[in-house]
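Trainee: The residues making up each chain are set out below.
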Amino acid sequence: MRAFTYQRADSPAAAAQAVAATKGAKFIAGGTNLLDLVKLEIEVPTHLVDVQDLGLDTIEETDEGGLRIGTLVSNTALSAHPRVRRDYAVLTRAIQAGASGQLRNKATTGGNLLQRTRCSYFYDTNLPCNKRQPGSGCAAINGVSRQLGVIGTSDKCIATYPGDMAVAMRLLDAVVETVKSDGMTRSIPVADFHRLWGDTPHIETVLEPGELITAVTLPRPPGGRHFYHKVRDRRSYAFALVSVAAVIQPDGTGRVAFGGVAPKPWRVEAAEALLPHGAKAVVERAFADARPTRDNSFKIPLAERTLAGVIAEARS
Amino acid sequence: MSDNEHFSVSRREVMAGGAATAAATAIPVASARAAAEQAGQVPTMPVAFEVNGKKVELNLDTRTTLLDTLREHLKLTGTKKGCDHGQCGACTVMVNGTRVNSCLSLAVMHQGDTVTTIEGLGTPDDLHPMQAAFVKHDGYQCGYCTPGQICSAVSVLEEIRQGIPSHVTEDLTGTMQPTRDEMRERMSGNICRCGAYSNISDAMSEVAEG
Numbered sequence: 001m002r003a004f005t006y007q008r009a010d011s012p013a014a015a016a017q018a019v020a021a022t023k024g025a026k027f028i029a030g031g032t033n034l035l036d037l038v039k040l041e042i043e044v045p046t047h048l049v050d051v052q053d054l055g056l057d058t059i060e061e062t063d064e065g066g067l068r069i070g071t072l073v074s075n076t077a078l079s080a081h082p083r084v085r086r087d088y089a090v091l092t093r094a095i096q097a098g099a100s101g102q103l104r105n106k107a108t109t110g111g112n113l114l115q116r117t118r119c120s121y122f123y124d125t126n127l128p129c130n131k132r133q134p135g136s137g138c139a140a141i142n143g144v145s146r147q148l149g150v151i152g153t154s155d156k157c158i159a160t161y162p163g164d165m166a167v168a169m170r171l172l173d174a175v176v177e178t179v180k181s182d183g184m185t186r187s188i189p190v191a192d193f194h195r196l197w198g199d200t201p202h203i204e205t206v207l208e209p210g211e212l213i214t215a216v217t218l219p220r221p222p223g224g225r226h227f228y229h230k231v232r233d234r235r236s237y238a239f240a241l242v243s244v245a246a247v248i249q250p251d252g253t254g255r256v257a258f259g260g261v262a263p264k265p266w267r268v269e270a271a272e273a274l275l276p277h278g279a280k281a282v283v284e285r286a287f288a289d290a291r292p293t294r295d296n297s298f299k300i301p302l303a304e305r306t307l308a309g310v311i312a313e314a315r316s
Numbered sequence: 001m002s003d004n005e006h007f008s009v010s011r012r013e014v015m016a017g018g019a020a021t022a023a024a025t026a027i028p029v030a031s032a033r034a035a036a037e038q039a040g041q042v043p044t045m046p047v048a049f050e051v052n053g054k055k056v057e058l059n060l061d062t063r064t065t066l067l068d069t070l071r072e073h074l075k076l077t078g079t080k081k082g083c084d085h086g087q088c089g090a091c092t093v094m095v096n097g098t099r100v101n102s103c104l105s106l107a108v109m110h111q112g113d114t115v116t117t118i119e120g121l122g123t124p125d126d127l128h129p130m131q132a133a134f135v136k137h138d139g140y141q142c143g144y145c146t147p148g149q150i151c152s153a154v155s156v157l158e159e160i161r162q163g164i165p166s167h168v169t170e171d172l173t174g175t176m177q178p179t180r181d182e183m184r185e186r187m188s189g190n191i192c193r194c195g196a197y198s199n200i201s202d203a204m205s206e207v208a209e210g
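Just so you know, the protein sequences line up as chains Z and X, in that order.
The first sequence maps to residues 1 to 316 in full-length UniProt numbering.
The second sequence maps to residues 1 to 210 in full-length UniProt numbering.
Chain Z with its partners taken away, still in its complex shape:
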């Protein structure tokens, strides 16, 4: 681990200013992903700005009937909130499908959106990785890619966004609220928050340097039955091979998003419109542009079968 200086910020704008003003500075909240990467020197911050004192750890009702989730609300607290359990169950299900109890107690809402990929080549500093070291190449494309992306990837990177919570947030049309170093705030739909890798896989979100997530807002509850089915190599504490987040209405229409397959939660509105026609129709449309590797082409039929299971359960 390289040396770094550390400070605790006392306001969101001050935190944003501190990170923007110091080259190599980063925010730290729960730290469960960042410190792992700092130990491996995949992340090499020169200065950490701790945001734990900012008071952004509450969940409030919005005037529109939704919820505003402070960025520092832990995964555990968010998943256990009575309104989330009752009205946004897909979010509770998704959060509880990820990580371990210890990690969920520390991991924050904003930090979880920024979780970096778990591609093993990103983690192996002996091998090239365009995300870790831009321009060095991608060892994964011709490597062991069973866990990696099948759609939205590029010739430069086939990593996935690994998280579960964001898949549910994408399904719920959540909006990310931020503050920049000049004090300006903005709202970013989760749909637009993560970037596809393209030629710059090291740039993972639309956040500007020093821009701090302050909250995530959920619109009114979508009703329907909520599902988060995650398929993985172990029954607990493992990243998704494929996950399906869905809200299914009594008439068979609904919403679907997929996790573990792309650089971002993968939701195609034109595909979910085909839900009444069954899983095959939805997955054929959602994965029409897929470019799987030989190792991970199984993810597309797996997505179809997982969604078929969700639809069958919704009808039961």
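You may find that some hints are simply not true.
Straight-line distance between alpha carbons at most 25 Å, and here's what the computed BS3-like set of lysine-lysine pairs gives [claimed, not checked]: (1) X:Lys81 to X:Lys55; (2) X:Lys75 to Z:Lys39; (3) X:Lys75 to X:Lys55; (4) Z:Lys39 to X:Lys81; (5) X:Lys81 to X:Lys54; (6) Z:Lys180 to Z:Lys23.
Hint data in this document are derived by calculation from the structure and do not stem from the laboratory.
Chain Z is fixed; fit chain X onto it per the hints.
Mentor: Chain X in isolation, oriented as in the chain Z frame:
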């Protein structure tokens, strides 16, 4: 200066040399910091918190994890270092009553916090009920993961009592019950290489049933 401090200085010097080489070839590190690191002057900060009911005040390299602080600075070696990356759960302690991986947390982030380690749960003469149940049910073989398992097990029962749902909870709005399935799911962040899981489950069930 203790032996431990001698050791950390020499290690720092080695690391500083490595950092300087890397800075010259690839990574543009802030030059003042690189110079400070080369000179062996790494950033340190004071921090004060409570561990097992005792106040502690330390001046630490900012990089020091809560785990290394407990083991190397406070000599509370009950908490174990397994993977040091949040994957095995051997380092599990409670911070402000909540279980966390102490390896993935910086000590300087814990100003004013209350930390409970395995040493704070019970003593050989006055075991915590979960410690006694682990002994009774043989919930370990080598014992290395055991402090983390016990801190986690105590927290799991509390999390169920608080009504926090899990991946295997069927009715998210109902009352949580300490079933075997619930406890097994909630303990998945604690790995036991010896495979004492079924005995750990027995120990937890006994404590849950009171």
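Trainee: Give a verdict on every hint.
Mentor: Comparing the hints with the structure gives:
1. X:Lys81 to X:Lys55: holds (23 Å)
2. X:Lys75 to Z:Lys39: holds (22 Å)
3. X:Lys75 to X:Lys55: At roughly 14 Å apart (the allowed maximum being 25 Å), lysine 55 of chain X and lysine 75 of chain X satisfy the hint.
4. Z:Lys39 to X:Lys81: holds (14 Å)
5. X:Lys81 to X:Lys54: holds (22 Å)
6. Z:Lys180 to Z:Lys23: Holds. Lysine 180 of chain Z to lysine 23 of chain Z sits at ~16 Å (cutoff 25 Å).
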